[in-house]
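Asker: Listed below are the residues making up each chain.
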Amino acid sequence: MAEKGQTNVEHVGGVVRLREQHEKVVKDCESRMQHWRKVSGDYEALTDRLQTLPDQLSYDIMVPFGPLAFMPGKLVHTNEITVLLGDNWFAKCSAKQAQKIVDHRMKYVKNELDDLSKTMKNFEARVGFAKDLETISANKGDYVDIREEVGNDDAALTKGKQRIAHKPNSKPKLDVVWDLKEEDEEDEGESGDGGSRKGVMTEEELWARLDELEKLEELQDEQDRLSDNADMNGEDTSSSSSEEEKEAEAAPPVNGLSLKPSWSSVSDSKAPLSTDRKKDEDDDEEEEDNCLPTIFFSHTVEPKKVRINTGKNTMLKFSERKEQKEHSKRKKKNGHNNGHCHHELHKITTPADIYRLFVDVKNGEPIPRKSILKSRSRENSVCSDTSESSAADFEERRMIGRSFSHDEHSDTSDGITEEDSPTTVPLQLPSRYEAFSGTVIEKDPMPSAVPHLTISPPALPTILERKQEEVAPDVSPPQQLPKRVSKFKAARLQQK
Amino acid sequence: MVYIRTASQTFNCLVGLVRAFKTHVSKSMSARQKLETQLAENNIVKEELDLLNSSNIVYKLIGPVLVKQDVDEAKATVAKRLEYINGEIQRYESVLKEMEKKSEQHREVLTSLQQEFQKAQGLAAGKV
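Sequence lines, in order, name chains A and B. Each residue of the first sequence is one higher than the one before, starting from 1 at the first, in our numbering. Each residue of the second sequence is one higher than the one before, starting from 1 at the first, in our numbering.
Among these hints, one or two may not hold up.
[What the hints assert, rightly or not] Quick list of in silico lysine-lysine cross-link-like pairs, DSBU-like style, CA-CA up to 30 Å: (1) K68(B) x K92(A); (2) K38(A) x K46(B); (3) K27(A) x K34(B); (4) K46(B) x K96(A); (5) K34(B) x K121(A); (6) K101(B) x K34(B); (7) K80(B) x K96(A); (8) K27(B) x K24(A); (9) K27(B) x K102(B); (10) K24(A) x K97(B); (11) K121(A) x K131(A); (12) K107(A) x K24(A); (13) K38(A) x K34(B); (14) K100(A) x K80(B); (15) K110(A) x K96(A); (16) K92(A) x K75(B); (17) K118(A) x K34(B).
Because the hints were derived from the structure by calculation, they are not lab data.
Excised from the complex, chain B in its bound form (with noise of 0.2 Å):
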């Protein structure tokens, strides 16, 4: 009896872990979505920068004002923001992947306890 109750709580806790996991593999799966739409933008920008030339005045947005920047400053920040979003993108990449493994290893293990569960109780029905 008692090795039944224990595999049901490790039954339980498996359960739990795994729904854990799925929903962080959902936020990052989001998360990146959105930065993958970032990343398009910020590549428009790019191009469409390099078709001005200085003699444009460019501004950025920072909160209600419009504050005047330099064109090639403004070339250089969209740069590197896409740098920094490519980055983000590879990085909640591995994230996702490494969150996968890791559920799957729980599932093999829920599975096989799930058997082995069965099995008890088969066992404990027959006893008694």
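Excised from the complex, chain A in its bound form (with noise of 0.2 Å):
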């Protein structure tokens, strides 16, 4: 520590002296520039009398006699003007060759003045960077230096092998098509169908090589976006996605910094082949006692999810459910279970588990929140998702809260049927099972949504509900904490 101290101060001195250096030029230009602009002025004055002068033929002035007297007399031969040119050379003009020899100082003068101005701004800038430096290495300012460990990528797994970057000289993608381009024109030699024949092999040989090369492109892509992920993960906040898939990613808090939902999307489209659920918490930051306020990041392979806040510290993740889909046929839907462990309540594989979710008090009775979108602890979350993903969501909960409880209205709102719902719900639920039959067919649940959302529009929660949330959330820590397990790593069980 006491080395970088010294070398922190060895650097800081050195910033000094090179803003104190780059002070200097930019004094010196503006000195410089100052010169230029009064010989300008000089010019532009020289000008003005250069066009009054031929107006008379002389004129009477008092002409100066040594250091110290005047004396009257006149000035004559008004349209002759002896110009020194520079290097001891003069030449007699009129008024208007000296006017134009004039005209092209000035240019120069301009140029001059130009080039200063540039350099001048240049070094301005340097000056502006070197004292940022300076206060960053004396750690005043408001700099936070962030640093990411990066691993050597053994995290991601690769399938294939990876892209080689060709030599400049080779082409072998032209080579290919180059021999096509061959062999068309031997086909147009033979012209016969053996030629002909011969063509359609090349062509599907060709056809095979995209399809390759096409694979590596995205594995390569995949590779950038992992690599993009780790970049980007100071940047992004929760972000909605694009249209075709609800995929996004949203950052973990960072260092307190408030996140604030963002519509960037991300990256593009293309399902995560590797599902790396190495997810541990992330270490975030941690303020070194150094320097500098030094914040680490750790990159953390994450498959691209919609995270809605379910408004108790915990993120579900949409894609999850689909995941867990695709690797638990034949699991037994743990939607019965009111999933009252915390792990368990991740282990989505209905919409009706989502439901499940925004539940606040397990005494007995789940008793939902009235509206999902409105949670207590909004500063947790990640997303005000109004994208079209929370959205259905949210109305296929609402339509399963309606389908559900029928007879069960209350006067106030829309909201309290969900109150009611969910406790029929894991009663049906199983029924619904055994109703369809033993096998669970797996969709993605968007498909079931996209009819629900041309029914009805979301209610506004009325006061009632929000105070329920308030009610609710204030319960429900305390139950949570002793449960407290990573959610990742709940899944990660789960999926064993």
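Since each chain comes alone in its own frame, lean on the hints to assemble the complex.
Answerer: Structure, rendered in structure tokens:
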């Protein structure tokens, strides 16, 4: 640490000197510019004089006579001007010619001024940078050093081989095309069935090659995406997806900075081939007591998901359900457990399971929140999604609520139907499955949601709902605390 | 001991040489800068002479006297002067480069000698 401090001091000293030097240059530029501006002013005055001088044949003036006296006299030959061209050369010209010369000189002066101003700007910028650097190294400013340790892609599962950068002179793709072309020419020459067949074969080959290349490109893109995520982790906030798939990535809160939902789509909508669920708790911020406050980031690989705030400091990953479905075909749906365990909550296989999540109190009866989008712990929520996905979800839930609670209507609002429905949902779920069959048909939950979208718009939550929300989350956290397991770990356990 | 003494002598000589080089270099640099200003000035003169026609009378200031000159002659003279200045600049540049090289060599020798000198001193101290 002492060494670091020492280098810090040296660094600061060096930066100070750098800044001083830059400032010197700036001052020098400034003085030169002033000189040129004066010259320019003189020339302008001269221009004026040249224009008025030939008006009269002669002028009565007071002629300077030595350093101390003047004498009345006449200014004659008003159109004859002896111009100093430089380097002891003179030329006698008319006023107009002199004017031309003066213009020419003005151009030169202007050029000089422009150059100097450019240089000055440049160095002023450098001074600014040096100042910033100084404040950073002196640990005074608001700058924070963000560091991210990058592993060597050990987490990324890449199928197949990596793409090798071809040397600039080798063009494999073109070769293929060229071959085809050659063969085409050959075919034209032959013009037989055999020839045409040959052309077809090469075409197939070409398609095969194209497929291969496409695959490679996908892999590469995925790699890039993975590395991009590392970069974007810091900038990204919760984002809603592009239209096709509800894939987005939300970054964890960093150093207490509050995240605002942003709508930037992170990357292309490619389904992650490698689902590395190694998302440990993000090793977020660490303020090192160094010269700089440092934030240490660790890149976590996470498949693109939408985070829906369930209001209990938990985020539900939307596409988690899909993956879980993929992985656990034969598992019994645990929608029947009223997932009291924290991790079980995230075992979502049916829309009803989502619904189950948005319940707050489980004192025998799960009391759902009125509005899923409105949650207590908004500040912790990453997603205030109004995207299709969450809207669809919302719709789904509402529809489920409605479908299951025909008889139990409350007088206040629609939201209260949701309150009653979960009680019915778990009871009816098993029967629903029995009614179907033993097998579960895995579907993308979205298609089921889409028809619902058209039916009804979301109702605004009423004050009653909000009160409910306020009451409910208060009760829920104490229950949650003892059973707190990392949801990702939980998910992993589930998968096993 | 003898070795040490001779080493220090050579060391001093070299130091002197390097210093001489430095002064040389700085002189050349200043001369070159002067030439550059002259170059710029003569360029302007040439351009302004081109703006004039033959009806104007051109004078050259030689001492306190303004001597009449022919316009074309003046133009030619200025052109020649420009060439001369360019040549001088190039010459000075080459000289500068050479001197730089030499000074570098001397500096290297100096550093190596220094090291040897220190080693020798260390040995001597050890012996004693």
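Asker: The structure should be examined with respect to each hint, and the outcome stated for every one.
Answerer: Taking the hints in turn, this is what the structure says about them:
no. : hint              : in the structure
1   : K68(B) x K92(A)   : holds, 10 Å
2   : K38(A) x K46(B)   : holds, 24 Å
3   : K27(A) x K34(B)   : holds, 23 Å
4   : K46(B) x K96(A)   : holds, 19 Å
5   : K34(B) x K121(A)  : holds, 27 Å
6   : K101(B) x K34(B)  : holds, 23 Å
7   : K80(B) x K96(A)   : holds, 28 Å
8   : K27(B) x K24(A)   : holds, 24 Å
9   : K27(B) x K102(B)  : holds, 16 Å
10  : K24(A) x K97(B)   : holds, 28 Å
11  : K121(A) x K131(A) : holds, 15 Å
12  : K107(A) x K24(A)  : holds, 28 Å
13  : K38(A) x K34(B)   : holds, 23 Å
14  : K100(A) x K80(B)  : holds, 25 Å
15  : K110(A) x K96(A)  : holds, 21 Å
16  : K92(A) x K75(B)   : holds, 15 Å
17  : K118(A) x K34(B)  : holds, 24 Å
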